[in-house]
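Now for the letters of each chain:
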Amino acid sequence: MATNEILIKELADQYGRKRTSLLPVLQGVADKNNFLTEEDLTTIGRELHLSGAQVFGTATFYSFLNVVPRGKYVIRVCKTISCDMKNKDDVVREIENMLKIKTGETTEDKKFTLLYTNCMGWCDKGPSMLINEMPYSDLTPDKVHGIIKQYSDTAD
Amino acid sequence: MKKIINLTIDDQKIAVDEGTTILEAARKSGIKIPTLCYHDDLCIAGNCRICVVEQENMRTLPASCATPVAEGMVINTNSTKVRNARKFLVELLLSEHNADCTACVKNKHCELQTLAEQNHIREHTFIDLKDDKNYTIDKLSPAIIIDYSKCIRCQRCVRTCEEIQSISALSAAYKGKDMKITTFFEKPINTVVCSTCGQCVAHCPTGALTEHFYIDEVWDAINDPDKHVVVQTAPSVRVALGEEFGLKPGTIVTGKMVAALRRLGFDEVEDTDFTADLTVIEEGNELLRRLKAKLVDKDESVKLPMVTTCSPAWVKYCEHAFSDQLGHLSTCKSPMSMFGALSKTYYAEKFKIDPAKIVSIAIMPCIAKKFENNRPEMRASGYKDTDYVLTTRELAIMIKQAGIDFNSLKDSSFDSLMGVASGAGLIFGNSGGVMEAALRCAYMIVVGKDIPFEDLSITPLHGSEGEIVEMSVKFTGTKPEWSFLEGVTVNVAHANMLSNAYKIMDEIKNGTSKYHFVEIMSCPGGCIGGAGQPLPTNKAKRTARKEAIYTGEKMIEIRKSQDNPEIINIYDDYLGKPLEEKAHKLLHVPGFTPRKRY
Amino acid sequence: MNDGIKINRIDSIFKDYVDNKFDYLKKIMTMSNEEIIKNLTESGLKGRGGAGFPTGSKWKFAAEQSSDEKFVVCNADEGEPGTFKDKEILLKVPHKVLTGMTACSKVTGAKKGYIYLRWEYKFMKNDLQKSVDEFNEELEKMKIDFKIYIVLGAGAYVCGEESALFDSMEGMRGEPRNKPPFPTESGFMGKPTVINNVETFATSTMILSFGGVNYAKLGTDVSHGSKLFSISGDTAIPGIYELELGMTLHDFVEKFGDGDTKAVSVGGVSGALVPRKKFKDTIIGWEGVPTGGAMILFNSTRSIYRILHNYLEFFEEESCGQCTPCRIGCQQLKKGIEAVKKGEEDPSYLDTLASLSKVMNVSAKCGLGQSVMNPVLSAVNNFREELIY
Ligand SMILES: Cc1cc2nc3c(=O)[nH]c(=O)nc-3n(C[C@H](O)[C@H](O)[C@H](O)COP(=O)(O)O)c2cc1C
Ligand code: SF4
Ligand code: SF4
Ligand code: SF4
Ligand code: SF4
Ligand code: FES
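Chains as they are written, first to last, in the working numbering: chain G, 115 to 270; chain R, 1318 to 1915; chain V, 42 to 430.
A few of these clues could be false.
Across the chosen pairs, the derived CB separations fall in these ranges [to be verified]:
1) G/K257 to R/D1823: 54 to 60 Å
2) V/P222 to R/N1323: 48 to 54 Å
3) V/S98 to R/N1395: 32 to 38 Å
4) V/K258 to G/T134: 31 to 37 Å
5) G/E153 to R/N1395: 30 to 36 Å
6) V/P222 to R/K1330: 52 to 58 Å
7) G/E152 to V/V59: 39 to 45 Å
8) V/Y190 to R/E1480: 28 to 34 Å
9) V/F94 to R/N1323: 50 to 56 Å
10) G/M248 to R/L1457: 40 to 46 Å
11) G/R207 to V/Y190: 41 to 47 Å
With a straight-line cut-off of 30 Å between C-alpha atoms, the simulated DSS-like cross-links for lysine-lysine are [to be verified]:
12) G/K132 to R/K1497
13) R/K1913 to R/K1766
14) V/K321 to G/K123
15) V/K188 to G/K123
16) G/K257 to V/K153
17) G/K239 to V/K319
18) G/K132 to V/K232
19) R/K1456 to R/K1913
20) R/K1894 to R/K1669
21) R/K1319 to V/K220
22) V/K220 to R/K1404
23) V/K171 to G/K132
24) R/K1820 to V/K166
25) G/K263 to V/K258
26) V/K68 to V/K79
27) R/K1820 to G/K132
28) G/K186 to V/K166
29) G/K146 to V/K188
30) G/K216 to R/K1497
31) V/K383 to G/K239
32) R/K1894 to R/K1674
33) G/K239 to V/K56
34) V/K152 to G/K132
35) R/K1504 to G/K225
36) V/K153 to G/K123
37) R/K1913 to G/K146
38) R/K1504 to G/K216
39) G/K225 to V/K166
40) V/K171 to G/K146
Read the hints as simulated data drawn from the structure, not as lab findings. These numbers were taken from a predicted model, which means no experiment stands behind them. Ideal placement from N, C-alpha and C gives every residue a C-beta, glycine not left out.
Required output: the full structure, derived from the provided sequences and hints.
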């Protein structure tokens, strides 16, 4: 049986096998793995009676539904104006140096992915970022160093 | 009664029904507003914004295709503001577009090109964005080519595949600057659920979606002295080809078409209508055999209703979407593939030609036929039964390439052996035609008399576009060997467009279908609305072609397939009995290929 | 010319004026539908999400529709760069939003309410769900046939546009729909729907508690009451402030600027980028520069080119991409200012870009593409040199 088939069936049972359930079901799977595989989208299409292209087209519309592999922790640094003005570049550089990846990439151990995101509503406390769903604000290179270190140190 | 709305467009006072759009109201009064994402066959998208107009007391320019009229509205379709906006919009589209018109199939038939011309585009105002886009071309399907560099993202194809075919093999994906039209995970179209019906091609305003062309291969065969090139032409080609040469839709050009084919250098010009007659007989007999197995022998492995398989896009769709219901499909090949198999067996034997040297070409209204002829099931002759399939449009291109003045050609007629057809063969071109012809045949077999309709014309079956048409036929006065059918009412239905096929198959799957026999055609109106027919496609043209088919039928003396002398001949001489031996081997498929839905 | 209201801090949203958070609900449920509409209309409340449609009329239109089903939707997609007030409302006073939604359901007859919460605010979903559960329980106790649900977005600014938001709730790509029909006629699932901003619902609750006439005493003739401002950028005191509407930008900058303010984005990236020389003449309100409350301040160390470039990158990524002017126009604007800056295009190309933004303003399908013009024209007209050199 496909890896997430049981999960998807459960989600479909919970939300109903209809188009309006598509986002919650996609999110349910993305919650677990941080990204959606071809197999996931196929199973979701079958359960909700949608074509593969419909599921793919919908998933790719949304920034937080990823169809390419992502790490266990997805770091998204806000690049919109207020955070940009508060030196988000320094923060990004610090993360890139620590994790030895460029923005858009995933660490070899699949633990971290570093991405940019658009305004996430912490403009008064920029620069800010999300690690998965957790927001962090008022970042400095030092502060972000400590945060990433904590995540690195947690066992898988 | 609908409320009447009064408005003014370009100083003309107009009264229209409530709910009419500004665009429709303008058209009614002879004012042409340019459009691009709009198509009569499809729901409104309102995304290209080309059709914007100025509305008094409104800051923005509403899209006329998407805006309903309102009482007292004052509209200007040609103000400076409108012209200026339109021109910018076309220039924007061109900046994202690989406008290499001279090397494009749609040259002179392209809606984007026409807009550029009408809007007097004379320079590149904006920066070229093409190089940032990583555009690709998908050429892997034998039927369809997608050139993403020519796509203007109007989503007509997306709406076509969803609304007409209920398949949704295409969707818009991503957003913003990255938004594009694509398939599941951006896979090549030949690896996804696409039926290859080509309706998206027929509805695409640009050169982004086209059929896979085989013109050069056909020229090579014609010019190869070692090859014997046989060509067949489908029933609905002759009522549409004339449009490519400026003739009115619905003009019947059979004689000129045959003459043109001869001038192009084909060695033998035969008629698919002949094998349509053969299909009628095989399918009529198959239906009766299934009825007997089910009603008398109570054989549960035999499936009813039996569903026709002339439409290759329908067959492929069924293999994807209803892979557990393939037993309902008639095993008869389509007329094209029957012809292909016979061209390299029966025909080769009769004329003592080495089948290896025969190149069998089919001129079809259809794009899916380009998939069908490449199926591994279609090699009963030991060779590829049909070598190349050309659309009506491709034939027109060849005629133009050869410098033939089509309209002044003298009529010519088909060669014999496989060139004579009954009216029943001709009506295959229309949705409902296969069913009507097969019923005439079955009735004759069972009752020994003509089906009791005036002129054999089962008019209740002349259904129109997008409808599921049902009918019942009661057998009375059956011959002794068919007495088990005495008093039995056979329920039949036919439908075009795969969205309707889905409805019918869903009932079959749930066991609630009341039908015994179903005909399905993939394209709106049947083959006359096929995706290989002259463009643009619209209902008025399809209706004219349909009427031409029924007019043409009335002119053919032989009305029933079994009265066709060439048909009688081929059974006596070569095939033996319907469904048996050679007929079985050459005219039926060994089986179908279950395919993945996802 | 209005001299402008002086900077006047108000505390209606975040402060509670009752002992029990359900007291607002209890009071409002004793009011008749007519009274509710009357108070909202008298208050002059215009939608706080940015578009500024009179809230009383919106509820009334939906109430007048006959339909088997109607919905109330709270727009908590808060995606406009520079805005973060809705988050704060939902964190601190969710019951005011829920009460406002219930008042709306009473007027319109809707049985279901949804909060469309942007994905970026997922961190607070559990807490919000607790408040909603508690509230739903109270509704049940009070025998009110209305239930509220939370729907989570998935990351798309354009889904804040009301019709795109409905598409998203229906499981589709968030592509804005053609209008008309408007949501009060055909919204979520094609049914009459009232959609309001988080702050609009919270404000409605307070208006219905204090009385519409009292509320209207604040602000100007055109911009009534007070609203929340999200203040960020070059300021020593960033944060959320509730201020009386109608002050001049000059006074605003005096209070919040760092003494060197050169421009302010009023209304986030889709609002005007007002230069210093216009501060005195600019009133913050519908009569001047309307705003959903995002105020981003820039001092003279900031490059307008970099700011505009940042905005345009935002737009080209966050456009839904369906319509020609917006999808391609945003890309052209960004490429265009890059080319002028690099000297690849003549400075006069900025005028072409300005014209392009005007065409986008009139021909784009939704507010996103239409409002890209605001910062572009401001920058080209007021900071031309900065874009060239
Ligand atoms: C691109 C775009 C984004 C929008 N984003 C939001 C948003 O995040 N929150 C919001 O309340 N309204 C947003 N709006 C406005 C909504 O379309 C709608 O007008 C509003 O939710 C109505 O509520 P109101 O009348 O209470 O302001 C946006 C509009 C556009 C065009
Ligand atoms: S699609 Fe149209 S505009 Fe584009 S290259 Fe072809 S003919 Fe020219
Ligand atoms: S060929 Fe037919 S099935 Fe395939 S994508 Fe086009 S419309 Fe859809
Ligand atoms: S492929 Fe053709 S029909 Fe489809 S969106 Fe592109 S231009 Fe339009
Ligand atoms: S203006 Fe932009 S966001 Fe709005 S519909 Fe058009 S492309 Fe989409
Ligand atoms: S034809 Fe009206 S928007 Fe495209």
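Quiz item: Quick one, are G/K132 and V/K232 close enough, alpha carbons at most 30 Å?
Solution: Answer holds: G/K132 to V/K232 is near 18 Å, not above 30 Å.
Practice problem: Could you grab the alpha-carbon distance between V/K321 and G/K123 and see if it respects the 30 Å cut-off? | Solution: At roughly 61 Å apart (the allowed maximum being 30 Å), G/K123 and V/K321 break the hint.
Practice problem: Given the hint that R/K1820 pairs with G/K132, test it: the Cα-Cα distance must not exceed 30 Å. | Solution: holds, 18 Å
Self-check item: Restraint status (C-alpha distance of G/K239 to V/K319 at most 30 Å)
Solution: Between G/K239 and V/K319 the Cα gap is close to 28 Å, so the pair holds against 30 Å.
Quiz item: Are V/K258 and G/T134 spaced within 31 to 37 Å by their CB atoms?
Solution: violated, 44 Å
Quiz item: Does the structure keep R/K1319 and V/K220 at a Cα separation of 30 Å or less?
Solution: Given pair R/K1319, V/K220 holds - Cα atoms ~21 Å apart, limit 30 Å.
Exercise. Kindly confirm whether 41 to 47 Å is satisfied by the beta carbon distance between G/R207 and V/Y190.
Key: holds, 42 Å
Quiz item: Per the hint of 30 to 36 Å, is the separation of the Cβ atoms of G/E153 and R/N1395 within bounds?
Solution: violated, 54 Å
Quiz item: For the pair supplied as a hint, R/K1913 and G/K146, is the alpha-carbon distance within the 30 Å limit?
Solution: holds, 27 Å
Quiz item: Does the structure keep V/K152 and G/K132 at a Cα separation of 30 Å or less?
Solution: Cα-Cα ~21 Å, so holds.
Exercise. With a cut-off of 30 Å on the C-alpha distance, tell me whether R/K1504 and G/K225 pass.
Key: holds, 29 Å
Quiz item: Has the given pair, R/K1456 with R/K1913, been kept, meaning a C-alpha gap of at most 30 Å?
Solution: holds, 21 Å
Hint compliance for this structure: hints 2, 4, 5, 6, 7, 9, 13, 14, 16, 24, 25 and 31 are broken, all remaining hints hold.
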